[in-house]
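Peer 1: Here is what each chain is made of, one letter per residue.
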Amino acid sequence: KAGVTQTPRYLIKTRGQQVTLSCSPISGHRSVSWYQQTPGQGLQFLFEYFSETQRNKGNFPGRFSGRQFSNSRSEMNVSTLELGDSALYLCASSFQAGAYNEQFFGPGTRLTVL
Amino acid sequence: KNEVEQSPQNLTAQEGEFITINCSYSVGISALHWLQQHPGGGIVSLFMLSSGKKKHGRLIATINIQEKHSSLHITASHPRDSAVYICAVETNTDKLIFGTGTRLQVFP
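So the protein sequences, as listed, match chains A and B. The letter at position 81 of the first sequence is residue 81 when you use the working numbering, and the numbering goes up by one with no holes. The letter at position 106 of the second sequence is residue 106 when you use the working numbering, and the numbering goes up by one with no holes.
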């Protein structure tokens, strides 16, 4: 079974631009969660999608948004990029949503904002 | 104060040593995860537990719900165990809160 894939793996953008990251979950998984990892803040939860609906959301500004398609693939969008958005963005998939479901992480997309 | 605290932040060990990483949390949880992150970013889920103890190979995870504390033990440590170990709790509102991680280096 193929693992969670994320594209692109690396991105360089400038302030003010917008970016879209993609995550393909493990086949059969319907839940996709997104996380931001920075050296200063560590890993932080962004949002979770299940069956095309946003099920949960972390404490991030509205510039961060996402969606999930009928095939469970998910995209995350960040508009009006700021220097502080430079981070590793990880997605994880699980079969079901919510507690006590093992999450499988993708390799991440490393975003650098100049 | 962070809702999930890990200790120590950094840990060095000689190959073969027994290692313990601790995680304390202050929120109500439905489950606790231990994750391993290797250089380059890849994260692997090691354990997911809500009570008691789990063992997988040389790794053992325990949780004490009353004391709001979990430990990850590595027996007979090996240089390939060198990684960042992250504790994460699933809150009762289904959000994941992460600890800051413990950077482990095992030397031959």
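Hints were generated in silico from the structure; no laboratory data involved. Errors might be hidden in some of the hints.
Unchecked claim - Calculated cross-link-like contacts (lysine-lysine; reagent style DSSO-like; alpha-carbon spacing at most 27 Å): (1) Lys-68/B <-> Lys-57/A; (2) Lys-53/B <-> Lys-95/B; (3) Lys-57/A <-> Lys-95/B.
What the hints assert, rightly or not - Partner residues are not named here, just some residues of chain A that face chain B (Cβ under 10 Å, in silico): (4) Gln-54; (5) Phe-60; (6) Gly-62; (7) Leu-90; (8) Gln-103; (9) Pro-107.
Note that the coordinates shown come from a computational prediction; the quantities given were computed from them, not determined experimentally. Glycine included, each C-beta is placed from N, C-alpha and C at the ideal position.
Peer 1: List, from low to high, the hint numbers that the structure doesn't satisfy.
Peer 2: 4, 5, 6
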